[in-house]
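So you can see what is in the structure, the chains are spelled out below.
4 protein chains.
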Amino acid sequence: MAYFEKIQKIEYEGAASKNPLAFKYYNPAEMVMGKTMREQLRFAMSYWHTFTYMGNDPFGSATMFRTWDNHECSMEIAKERVHAAFEFMEKAQIPYFCFHDRDIAPEGKDLAETNARLDEIVAVIKEEMKRTGIKCLWGTTNAFGNPRFVHGAGTSCNATVFAYAAAQIKKAIEITKELGGENYVFWGGREGYETLLNTNTELELDNMAKLLKMACNYAEEIGFTGQFLIEPKPKEPTKHQYDTDAATVMAFLRKYDLLDKFKLNIEANHATLAMHTFQHELNMCRINGVLGSVDANMGDPMLGWDTDQFPTNIYDTTLAMYEILLAGGLTKGGLNFDSKVRRASFEEEDLFLAYIAGMDAFAKGLKVAAKLLEDRVFEDFKDKRYASYKEGIGRDISEGRADFKTLEAYALANGVTLNTSGRQEMLEAILNQYILETK
Amino acid sequence: MAYFEKIQKIEYEGAASKNPLAFKYYNPAEMVMGKTMREQLRFAMSYWHTFTYMGNDPFGSATMFRTWDNHECSMEIAKERVHAAFEFMEKAQIPYFCFHDRDIAPEGKDLAETNARLDEIVAVIKEEMKRTGIKCLWGTTNAFGNPRFVHGAGTSCNATVFAYAAAQIKKAIEITKELGGENYVFWGGREGYETLLNTNTELELDNMAKLLKMACNYAEEIGFTGQFLIEPKPKEPTKHQYDTDAATVMAFLRKYDLLDKFKLNIEANHATLAMHTFQHELNMCRINGVLGSVDANMGDPMLGWDTDQFPTNIYDTTLAMYEILLAGGLTKGGLNFDSKVRRASFEEEDLFLAYIAGMDAFAKGLKVAAKLLEDRVFEDFKDKRYASYKEGIGRDISEGRADFKTLEAYALANGVTLNTSGRQEMLEAILNQYILETK
Amino acid sequence: MAYFEKIQKIEYEGAASKNPLAFKYYNPAEMVMGKTMREQLRFAMSYWHTFTYMGNDPFGSATMFRTWDNHECSMEIAKERVHAAFEFMEKAQIPYFCFHDRDIAPEGKDLAETNARLDEIVAVIKEEMKRTGIKCLWGTTNAFGNPRFVHGAGTSCNATVFAYAAAQIKKAIEITKELGGENYVFWGGREGYETLLNTNTELELDNMAKLLKMACNYAEEIGFTGQFLIEPKPKEPTKHQYDTDAATVMAFLRKYDLLDKFKLNIEANHATLAMHTFQHELNMCRINGVLGSVDANMGDPMLGWDTDQFPTNIYDTTLAMYEILLAGGLTKGGLNFDSKVRRASFEEEDLFLAYIAGMDAFAKGLKVAAKLLEDRVFEDFKDKRYASYKEGIGRDISEGRADFKTLEAYALANGVTLNTSGRQEMLEAILNQYILETK
Amino acid sequence: MAYFEKIQKIEYEGAASKNPLAFKYYNPAEMVMGKTMREQLRFAMSYWHTFTYMGNDPFGSATMFRTWDNHECSMEIAKERVHAAFEFMEKAQIPYFCFHDRDIAPEGKDLAETNARLDEIVAVIKEEMKRTGIKCLWGTTNAFGNPRFVHGAGTSCNATVFAYAAAQIKKAIEITKELGGENYVFWGGREGYETLLNTNTELELDNMAKLLKMACNYAEEIGFTGQFLIEPKPKEPTKHQYDTDAATVMAFLRKYDLLDKFKLNIEANHATLAMHTFQHELNMCRINGVLGSVDANMGDPMLGWDTDQFPTNIYDTTLAMYEILLAGGLTKGGLNFDSKVRRASFEEEDLFLAYIAGMDAFAKGLKVAAKLLEDRVFEDFKDKRYASYKEGIGRDISEGRADFKTLEAYALANGVTLNTSGRQEMLEAILNQYILETK
Ligand SMILES: [Co+2]
Ligand SMILES: [Co+2]
Ligand SMILES: [Co+2]
Ligand SMILES: [Co+2]
Ligand SMILES: [Co+2]
Ligand SMILES: [Co+2]
Ligand SMILES: [Co+2]
Ligand SMILES: [Co+2]
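Chains as they are written, first to last, in UniProt numbering: chain A, 1 to 439; chain B, 1 to 439; chain C, 1 to 439; chain D, 1 to 439.
Hints in this document: simulated from the structure, not taken from any laboratory.
Even for Gly, the Cβ is constructed at its ideal location relative to N, Cα and C.
There's no promise every hint is true.
What the hints assert, rightly or not - Which residues of chain A face chain B? A partial, calculated answer using Cβ under 10 Å:
#1 V161
#2 Y193
#3 T195
#4 M214
#5 T225
#6 K371
#7 L373
#8 E391
#9 G394
#10 D396
#11 T406
#12 A411
As the list claims (entries may be wrong) - Derived DSSO-like pairs: lysine-lysine, alpha-carbon spacing no greater than 27 Å straight-line:
#13 C:K210 - D:K405
#14 D:K405 - C:K382
#15 C:K210 - D:K382
#16 D:K239 - A:K18
#17 C:K332 - D:K255
#18 C:K439 - C:K405
#19 C:K91 - C:K130
#20 B:K261 - A:K255
#21 A:K405 - B:K210
The whole structure should be built from the sequences, with the hints applied where relevant.
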């Protein structure tokens with residue numbers, strides 16, 4: 001049956017359209033920098049926010065009531081949810097999905113039953129994937145929601161919880177492989193601490209590394225070739241999350257000699273919670289060769305929690321796509337809308353309106369970023385700005401021929417050449433002009 | 001001549017004293033954990049905040065007028081400032097000082113003259129060191145104040161500025177060696193960016209690493225055995241500083257294979273600007289073996305800039321000393337008061353009152369931390385909390401015998417054992433009791 | 001039956017006690033400034049955090065399982081919860097409680113049934129109050145949790161929701177009266193906006209004022225003489241809450257001519273979310289004569305949401321009690337622990353340990369504040385600091401005899417007299433000494 | 001002589017222009033909603049940031065060296081600066097300017113000389129105003145920079161400083177009148193506190209009100225008909241500024257019965273420092289009838305100090321102009337660029353580039369806002385959203401016929417009607433479309 005009967009497939013109608021249920025900027029087949037928009041953007045639906053978030057918040061209960069949840073048993077609901085999800089993705093033209101193990105199937109009475117339930121739902125998903133051609137961008141484990149993970153999973157003080165988490169991740173990697181997932185994500189929802197007064201950070205971080213190494217070994221053993229990704233977040237739910245930001249994760253991966261096995265999944269709102277811009281985090285990943293995938297959403301800079309809003313800020317989408325294009329595109333990654341409709345946007349239609357808002361914002365961002373790169377606006381400016389490293393003493397520095405003595409001799413003899421303006425305001429005005437004028 | 005004629009040497013009078021110009025808790029010769037307080041705390045005076053900060057802020061001019069600045073030429077002022085500084089340290093019982101090159105001597109018309117001036121003042125300082133027994137904890141370079149560093153020093157887009165910075169650091173290391181400095185600090189005041197629109201972060205970070213390698217080579221060449229330290233800060237003056245926090249610096253050091261040459265200088269206010277607690281940053285350094293030294297100050301959690309207040313929060317000083325003692329003490333490092341009197345505390349007496357406030361707060365913190373460790377309050381709690389890693393499946397994990405298959409088998413067979421409470425509130429109450437009751 | 005069988009009544013054992021289940025500082029009968037501690041502190045239990053919070057957070061489900069919830073029907077649970085709550089208050093020596101209508105009784109199928117259920121539970125509570133002598137500090141309405149309040153209650157865009165909220169408040173005032181509540185609190189959980197794009201702030205604020213006026217009229221009509229209180233909070237759950245902070249609430253009350261009918265209920269964590277210190281908000285209330293009551297908790301300055309932690313920071317409790325004593329004490333108000341045990345403190349014993357931590361922290365704060373006032377430490381300093389307004393031109397200003405012309409004449413003739421230091425560091429050191437040395 | 005010889009008058013060249021020194025969107029004579037852009041936007045130059053900010057920051061000295069400062073005596077510099085400023089405004093097509101007394105003339109040896117100097121420069125300014133037709137939007141007093149104001153001006157603990165501030169404001173109002181200033185602004189740069197330990201907030205706020213009343217009286221006496229404006233800011237330079245935000249200022253004005261004499265000058269960056277959006281603060285002023293004027297700039301949401309950047313964010317300029325147009329336009333107020341070029345934008349050309357960036361951003365914002373209003377996009381949505389207050393029980397509420405009893409009767413009988421979605425995501429997408437498509 002159809003769950004979104006009143007909604008037709010969302011089509012591209014162009015920037016002049018007044019139809020709320022149409023794309024204004026996302027034109028899947030349009031070519032941008034040698035690929036279709038569809039190929040460049042690799043949009044993904046987040047199973048959790050789209051199909052299991054019901055509008056609860058810490059101060060209020062569910063506002064959303066979905067027809068597909070209107071069934072008797074939880075497994076039946078889970079199956080209907082699969083059908084609804086694929087209908088939604090088809091109609092919204094979303095080519096990928098991302099999921100936690102616990103999003104797709106409810107926990108059973110024990111791990112064995114839980115795993116059996118996963119298998120049952122995975123079969124349904126595979127059918128739908130086959131029917132629609134929609135693919136799995138990544139899978140992951142929810143090892144933070146169940147009370148057993150109250151003190152963490154891989155960093156729990158309880159060794160049996162570590163074991164349970166390992167078992168859960170094992171299964172999640174298996175089903176991600178089964179579904180052809182192109183990546184597998186680790187987000188350490190409770191991997192952190194509430195207070196240092198009771199925490200052995202050294203032991204916990206060592207254990208985290210052990211868990212990740214086991215995951216690498218197991219993936220190799222079963223031939224899972226998806227990319228492993230770590231998703232940084234600085235806080236929430238725990239007071240301090242170990243995977244604070246891109247730099248912290250890279251420090252961890254280098255320390256435990258895991259850098260060749262992992263890339264990062266950068267979420268916009270996690271960047272802002274860490275007091276970085278989204279672009280900053282993407283840039284840090286790009287120059288370190290670890291940009292894996294992107295959780296496309298938006299935070300509210302005035303609020304201190306993870307609002308996971310649909311991304312509608314054109315500056316953010318433009319500058320994100322700018323870094324992504326500079327990095328050579330998303331390759332195996334994608335733009336996963338780890339975004340939820342506002343609690344007050346509780347109608348089913350809002351799901352479509354929100355995805356349209358986000359997809360259009362990124363489509364526009366892609367086009368602006370591509371134009372900026374084609375015109376080499378910022379690239380030429382930067383090349384000129386750093387030109388002094390291409391000749392003379394600068395070239396000596398770049399090529400490793402300088403030391404303190406030669407540089408001192410140079411400075412004593414020559415002083416410094418004049419600096420020139422950084423031209424920030426002009427560059428911001430040009431960015432505005434490109435955003436407003438790129439067609 | 002004496003500059004602080006009205007002030008006598010500050011003496012320990014005990015907790016009942018009502019004399020503002022006496023220590024209530026800092027009793028230099030008192031033994032704590034096998035050393036004197038003086039040896040444990042290794043207090044240092046910051047030359048800049050104490051002797052060159054005049055009360056300016058972005059909205060107002062100097063409020064402080066010091067008698068030692070009342071001389072005709074800038075070099076005469078610089079010399080008198082040395083005398084005043086050592087008189088101050090003697091009277092305040094501060095055994096170490098820290099300095100930037102530009103704190104102690106004014107820049108000359110060119111680098112040669114500037115360096116000659118440094119030599120002239122260094123000679124004066126050496127005399128005073130000999131006379132008083134006061135030592136140099138660390139030296140550093142101010143490569144951020146002069147307009148030539150507007151785009152950075154080691155990360156400048158202007159190669160001649162890189163060269164100039166290298167020359168300046170070379171000289172600063174030389175004079176730090178000359179003064180017997182036990183450490184040398186790198187704080188990247190302008191090593192960061194204002195906008196990504198004009199910045200090549202990859203080139204800048206590579207250059208930063210080149211500069212640090214040259215410093216290592218030069219130190220080795222001249223036989224400087226002081227410890228190199230990097231001081232993290234996330235922002236201010238630049239929008240983004242590359243050395244954001246301890247984790248970011250460790251990622252950088254590991255990437256460029258510099259981790260064995262550098263430790264960290266952790267500043268409390270820089271921690272809070274990075275949205276970490278002071279204790280967190282010390283803890284991260286401790287468990288990675290890179291705790292070098294400490295900039296003892298305090299920020300205002302409600303303000304978003306580096307207020308560099310004198311540290312008077314007993315929780316912070318206790319938990320900082322707790323981490324330091326766990327790390328085996330300060331070794332070559334110290335507690336440098338990178339703290340400035342408030343702009344409204346503009347009288348000379350305030351300098352003493354402020355140092356007393358900070359030294360007493362750390363002295364009390366030391367005693368409380370020592371008692372907590374002696375009683376193993378938190379250590380026993382943690383040992384018990386993580387005991388499951390000492391036996392059975394936990395021991396298998398710890399000792400590397402577990403993998404995903406064995407852990408899954410364990411989880412399927414055993415589930416998880418019950419978690420126990422983290423007891424955060426009880427531990428906080430115990431901390432209060434120790435703070436209030438430790439004598 | 002007894003729900004806390006293993007816990008004996010918590011007794012004062014003094015600062016040397018190592019018994020976690022004893023008070024170290026809270027000695028109910030001890031006299032401080034002419035009253036017993038019990039009278040000065042007027043501690044209250046929050047029904048919601050203590051008896052209905054189960055450890056859920058946005059990323060995880062309940063961690064707490066309480067024996068009194070182990071009943072078949074929701075009304076039975078509600079009744080057993082009353083018994084457990086009073087047993088808890090008796091054992092923890094808490095003389096007051098605070099409640100929302102929805103804390104004490106579950107909603108029924110319609111408003112009539114819901115109200116009937118309230119009546120049924122209120123009768124049980126009254127019996128327990130009679131049996132124990134425990135009193136009601138305040139009641140309030142939960143007009144934010146149910147999905148009908150998704151767009152607000154008094155500020156809803158849906159007039160029938162406004163009507164429903166009014167009906168709910170009417171009933172809540174009635175039962176607060178029935179229970180002898182000394183105050184009634186308004187916290188506008190959803191009275192704010194998510195986005196200005198869809199919000200008529202003027203209409204919403206006018207409506208809010210209308211609702212409050214109706215409440216005043218109704219209270220007068222039924223002879224409810226409890227104090228009406230508004231509790232400010234700047235954000236969460238909504239992006240912007242209208243009752244942002246004390247100043248904003250006072251602006252609102254003055255605009256709508258409601259200032260004589262309302263006082264404020266200041267919550268520490270709401271202050272910090274508004275980027276104010278707890279003391280600041282209490283001070284602003286004090287000098288405007290609107291300090292009504294206090295929600296005693298603590299936030300984490302590094303986190304951007306309402307953590308509602310048990311207050312264990314002695315600086316905060318001391319400076320809060322300082323303002324409260326300056327204001328003449330709590331009068332009808334109290335110290336309500338709007339505090340919840342951490343999600344990881346899920347054992348029943350943690351409830352006691354947490355209340356002990358908070359009560360001891362405030363007891364100590366009370367004693368330190370009283371000593372500071374008795375010794376007039378800060379008061380004398382301030383008197384001297386502002387002495388210039390007691391004579392000469394300052395007195396002319398104070399007494400309204402000065403104008404721009406006379407002041408200009410004075411300034412032209414006299415310039416300004418020297419400023420003296422604000423002595424912040426010395427005052428902070430004195431505060432430390434009083435905290436550490438007051439017995 | 002001409003100071004900006006290389007710069008021609010900045011002309012509108014349209015959105016396709018690649019000339020950095022041309023307007024792309026600001027077309028002064030173009031009609032928008034019945035007025036020219038010039039009349040709608042009323043742009044003003046800030047004398048301080050544009051002509052006295054030299055690039056200093058707390059960690060570095062001046063980076064900007066201006067030809068007009070290249071004179072021997074400070075009064076000569078002040079005069080040349082006037083000429084440079086008017087040349088700048090002419091070339092940049094800025095019709096208004098704003099100034100502090102201390103921006104235009106250096107302080108003399110005493111107040112009398114200082115005032116005489118002001119008169120001398122005012123005469124030069126008047127000539128230039130006559131020559132160019134450029135007008136004064138507002139004047140103000142710098143009563144925060146001089147060390148005499150270390151403890152505040154109107155809220156100083158030193159009564160002679162209060163007198164001096166009064167004299168200074170008197171003179172500043174006089175010269176503002178002389179220059180035909182349409183407004184006079186009060187920004188309380190040091191009107192706040194550093195620590196509550198030494199502060200009598202009640203006395204300070206009472207004094208502040210006294211000062212403002214004297215100002216009102218004096219304005220009336222001399223017939224100054226300009227609008228008095230208060231500019232809120234929450235912190236910086238002081239830890240806490242009394243004029244925190246719009247709501248706090250309104251509370252103050254109502255308390256002291258000054259609301260009819262003052263309006264507000266809303267600065268974007270001060271809004272964000274107070275954790276409000278720019279639009280929020282404008283909205284609060286609009287619905288309270290106190291929107292006076294606007295300081296057009298932009299903060300960095302990741303930084304905690306007043307960066308005063310040139311406003312280039314189209315969302316901010318659109319939503320600001322939206323509120324301004326809803327309020328009936330700027331009337332006597334204007335858009336004053338309280339914005340400074342970045343320290344690294346130190347070339348004279350950057351001044352023009354920055355103003356162009358800001359003026360274009362607001363011009364575009366004006367056009368988008370006007371189109372949104374003409375199409376009644378959000379207004380129709382809101383009208384429909386609140387329609388329930390136009391009939392039935394909602395109308396009873398609106399028109400004052402409802403009370404708790406009638407509303408309870410309604411709720412018991414009718415329950416609530418269904419809520420509808422707030423449609424935030426759709427509205428954000430429409431805003432994007434209007435920004436991108438409005439020509
Ligand atoms: Co995510
Ligand atoms: Co998120
Ligand atoms: Co420092
Ligand atoms: Co600092
Ligand atoms: Co509360
Ligand atoms: Co709260
Ligand atoms: Co301003
Ligand atoms: Co500003």
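Verification of the supplied hints:
no.	hint	in the structure
1	V161	holds (5 Å)
2	Y193	holds (9 Å)
3	T195	holds (5 Å)
4	M214	holds (5 Å)
5	T225	violated (17 Å)
6	K371	violated (15 Å)
7	L373	violated (13 Å)
8	E391	holds (9 Å)
9	G394	holds (3 Å)
10	D396	holds (9 Å)
11	T406	holds (8 Å)
12	A411	holds (4 Å)
13	C:K210 - D:K405	holds (14 Å)
14	D:K405 - C:K382	violated (52 Å)
15	C:K210 - D:K382	holds (20 Å)
16	D:K239 - A:K18	violated (49 Å)
17	C:K332 - D:K255	holds (25 Å)
18	C:K439 - C:K405	violated (54 Å)
19	C:K91 - C:K130	holds (16 Å)
20	B:K261 - A:K255	holds (16 Å)
21	A:K405 - B:K210	holds (14 Å)
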